[in-house]
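Residue numbers (this note's numbering), protein chains in the order written: chain A, 44 to 156; chain B, 13 to 126.
I should point out that these hints are in silico values taken from the structure, not numbers from a laboratory.
Do not rely on the hints blindly, as some may be mistaken.
Said to hold, decoys possible - Among chain B residues calculated to face chain A with C-beta under 7 Å, some are:
| hint | residue |
| --- | --- |
| 1 | Ile50 |
| 2 | Lys54 |
| 3 | Phe57 |
| 4 | Ser60 |
| 5 | Glu114 |
| 6 | Phe117 |
| 7 | Gly118 |
| 8 | Gln119 |
| 9 | Gly120 |
Every residue, glycine too, gets a C-beta built ideally from N, C-alpha and C.
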Amino acid sequence: AQSVSQHNHHVILSEAASLELGCNYSYGGTVNLFWYVQYPGQHLQLLLKYFSGDPLVKGIKGFEAEFIKSKFSFNLRKPSVQWSDTAEYFCAVIWNRDDKIIFGKGTRLHILP
Amino acid sequence: EPEVTQTPSHQVTQMGQEVILRCVPISNHLYFYWYRQILGQKVEFLVSFYNNEISEKSEIFDDQFSVERPDGSNFTLKIRSTKLEDSAMYFCASSRDSGPTEAFFGQGTRLTVV
Chain A
44 AQSVSQHNHH VILSEAASLE LGCNYSYGGT VNLFWYVQYP GQHLQLLLKY
94 FSGDPLVKGI KGFEAEFIKS KFSFNLRKPS VQWSDTAEYF CAVIWNRDDK
144 IIFGKGTRLH ILP
Chain B
13 EPEVTQTPSH QVTQMGQEVI LRCVPISNHL YFYWYRQILG QKVEFLVSFY
63 NNEISEKSEI FDDQFSVERP DGSNFTLKIR STKLEDSAMY FCASSRDSGP
113 TEAFFGQGTR LTVV
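The following block holds chain B by itself, in its conformation from the complex:
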């Protein structure tokens, strides 16, 4: 069964450093998403991406964040100058269509900022 894969599974970084979280979506999917889950809180939408551009972003997704699809298979989330409050589980998801369809989630990357 095809699946979304994320690397690394756990990333520890010092405050102020840049991190790149990587995702390989399912190959025939066209819509890509990043979500995050701060410990004990709900899963929050960050950004959706289609046709090589951001289609929607939340208020959380400020200038500190950026996404890229550098090579047609990977989908990355870059966090510049990480803060302690960026510590969370980050989930990548992909779907074949937009709107009412099933999104497939990766296993998540746990980011710890120290």
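Only chain A is shown next, with the shape it has when bound in the complex:
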């Protein structure tokens, strides 16, 4: 079965620290990749997505992610986090010829002021 793995379940950082959240997915052909964010009490919002082209994708709020096909990875990065980045982050994948998103378990990010 197709799966999405997020390695860090809970990350605590100080403001201005750099962030990298890992995401790996199982092999299954062509993929489309997403990172969603869920701020406390709010709905899932799309941070960024990769369909094709440049494997380094820039999203909203200074986030970026890099698609490394050989490693089946799509890690999320931000060079300098802010307190307002405290949220839960979900990696998600759609495999080609499929119509549902499979989510990872999520990473809860807590930024210390």
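Assemble chain B onto chain A, guided by the hints.
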């Protein structure tokens, strides 16, 4: 900006009762989804719906669950005879196309079964 809206935001129900979770997708979207997130666990796919019928469902979506688009704007998830383990956040989503496209999510309905 158009958004998916869900009502209610929080529903408490007694075990064995039926609940209906309501969603209003974005108006020009054609594909609709329900996901759920049990506390502390990942967001899980339940069902996708297109052209007034279910296009795909997960093993979670058993006979206890049903979906309907009763009036062309609402998209509902009905859970018959709720169980304690149905307690979760239920997210509705819609997209204009299927496959590799962006799905827009609602804010979720927190269902608590007591």
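Hint-by-hint comparison with the structure:
1. Restraint check, isoleucine 50 of chain B versus chain A: the minimum CB separation of about 11 Å is more than 7 Å; hint violated.
2. Below 7 Å, beta-carbon pairs count as interface contacts, and lysine 54 of chain B has one with chain A at about 4 Å; its hint therefore holds.
3. A least Cβ separation of about 5 Å between phenylalanine 57 of chain B and chain A falls short of the 7 Å threshold, and the interface hint therefore holds.
4. The criterion of a C-beta within 7 Å of any C-beta in chain A is met by serine 60 of chain B, whose closest approach is roughly 6 Å, and the hint holds.
5. Hint status for glutamate 114 of chain B: holds, given a least beta-carbon distance of 6 Å to chain A, under 7 Å.
6. Given hint, phenylalanine 117 of chain B at the interface with chain A, holds; its Cβ is 4 Å from that chain's nearest Cβ, closer than 7 Å.
7. With its C-beta approaching chain A no nearer than about 6 Å, glycine 118 of chain B sits inside the 7 Å limit, and its interface hint holds.
8. The beta carbon of glutamine 119 of chain B is positioned within 7 Å of a beta carbon in chain A (closest approach about 4 Å), and the interface hint is therefore held.
9. A cut of 7 Å between beta carbons decides the hint on glycine 120 of chain B: the least distance to chain A is about 6 Å, and the hint holds.
Hint 1 from the list above is the single one not met by this structure.
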